[in-house]
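Engineer: So the chains spell out like this:
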Amino acid sequence: AQSVTQPDIHITVSEGASLELRCNYSYGATPYLFWYVQSPGQGLQLLLKYFSGDTLVQGIKGFEAEFKRSQSSFNLRKPSVHWSDAAEYFCAVGPNTGFQKLVFGTGTRLLVSP
Amino acid sequence: NAGVTQTPKFRVLKTGQSMTLLCAQDMNHEYMYWYRQDPGMGLRLIHYSVGEGTTAKGEVPDGYNVSRLKKQNFLLGLESAAPSQTSVYFCASSWYRLRGNSPLHFGNGTRLTVT
Chain A
3 AQSVTQPDIH ITVSEGASLE LRCNYSYGAT PYLFWYVQSP GQGLQLLLKY FSGDTLVQGI
63 KGFEAEFKRS QSSFNLRKPS VHWSDAAEYF CAVGPNTGFQ KLVFGTGTRL LVSP
Chain B
15 NAGVTQTPKF RVLKTGQSMT LLCAQDMNHE YMYWYRQDPG MGLRLIHYSV GEGTTAKGEV
75 PDGYNVSRLK KQNFLLGLES AAPSQTSVYF CASSWYRLRG NSPLHFGNGT RLTVT
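Chains A and B are the protein sequences, given in the same order. Counting in this note's numbering, the first sequence runs from 3 upward without gaps. Counting in this note's numbering, the second sequence runs from 15 upward without gaps.
The set of hints was computed from the structure by calculation and includes no laboratory data. From the three backbone atoms N, C-alpha and C, an ideal C-beta is built for every residue, glycine too. Hints are not guaranteed to be accurate.
[What the hints assert, rightly or not] Straight-line alpha carbon distances no greater than 20 Å define the calculated DMTMM-like cross-link-like pairs of lysine to aspartate or glutamate that follow:
id : chain 1 : residue 1 : chain 2 : residue 2
1  : A       : 103       : B       : 73
2  : A       : 103       : B       : 52
3  : A       : 103       : B       : 66
4  : A       : 103       : B       : 44
5  : A       : 103       : B       : 76
6  : A       : 63        : A       : 22
[To be verified] Now the in silico label distances, taken between C-beta atoms and shown as ranges:
id : chain 1 : residue 1 : chain 2 : residue 2 : range
7  : A       : 62        : B       : 122       : 15 to 23 Å
8  : A       : 12        : B       : 21        : 30 to 38 Å
9  : B       : 67        : A       : 14        : 44 to 52 Å
10 : B       : 34        : A       : 63        : 29 to 37 Å
Please model the entire structure based on the sequences and the hints provided.
Structural biologist: This is the structure we're talking about:
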């Protein structure tokens, strides 16, 4: 069965510090991988996606993620966190066909301390 | 460009009441989806549609019905609301592509409380 695990429910990072959010997936075929961000009271916004090719993908707002097939991971990183990055982050996996029947992780809430 | 619009934003129902959540998208997307979001459970797919006039069950379809009479609209109905349906509901839409992929575009959600 397809699944996504985000082992950290909450993470607190000091402003200006680096960030890494973990995501592990279980998928029977070559997956498409996504990171979404949700600000309070808002819908989810796509940060970045991996389909194929370069395993290090760049996204919006200075985020990047690295696909590691051997570890079934797709961790999200940012070198220097800003207070505005405080939000909930969701990793998702889906099939490499046109229809986006995604499986989402349970999310990681990022808190940014001054 | 409005994107994906959900109405209403908030609703309180009593057990047994019915209601319909409306999702409208103006991006000419083929695919539309209804998710529910519950604490500690992420987003779970309720129903989806791959085109006008089509619907299909997702991961947690029980207690819900949907209709896609027009390409731009996707309605989610609760015939007899239960407290277990207290949740935040998100609508999303995406393009169809044979290869490559189109990310989901989400609405801002409907917070439903069933008492």
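Engineer: CA of residue 103 of chain A to CA of residue 76 of chain B, is that 20 Å or under?
Structural biologist: holds (18 Å)
Engineer: 15 to 23 Å was suggested as the range; check whether the CB atoms of residue 62 of chain A and residue 122 of chain B agree with it.
Structural biologist: About 18 Å separates the Cβ atoms of residue 62 of chain A and residue 122 of chain B, which means 15 to 23 Å holds.
Engineer: Hey, residue 63 of chain A versus residue 22 of chain A, does the alpha-carbon distance stay inside 20 Å?
Structural biologist: holds (14 Å)
Engineer: Is the Cα-Cα distance between residue 103 of chain A and residue 44 of chain B 20 Å or less?
Structural biologist: holds (13 Å)
Engineer: Is 30 to 38 Å right for how far apart the beta carbons of residue 12 of chain A and residue 21 of chain B are?
Structural biologist: holds (32 Å)
Engineer: Using the C-beta atoms of residue 34 of chain B and residue 63 of chain A, is the stated range 29 to 37 Å upheld?
Structural biologist: holds (35 Å)
Engineer: Tell me if the straight-line CA distance from residue 103 of chain A to residue 66 of chain B falls inside 20 Å.
Structural biologist: Between residue 103 of chain A and residue 66 of chain B the Cα gap is close to 17 Å, so the pair holds against 20 Å.
Engineer: Does residue 73 of chain B lie within 20 Å of residue 103 of chain A when you go C-alpha to C-alpha?
Structural biologist: Roughly 10 Å between the alpha carbons, so the hint for residue 103 of chain A and residue 73 of chain B holds.
Engineer: When you take the CB atoms of residue 67 of chain B and residue 14 of chain A, is the distance between them in 44 to 52 Å?
Structural biologist: Since the Cβ atoms of residue 67 of chain B and residue 14 of chain A sit about 48 Å apart, the hinted range of 44 to 52 Å holds.
Engineer: Could you grab the alpha-carbon distance between residue 103 of chain A and residue 52 of chain B and see if it respects the 20 Å cut-off?
Structural biologist: holds (18 Å)
In this structure, every one of the numbered hints holds.
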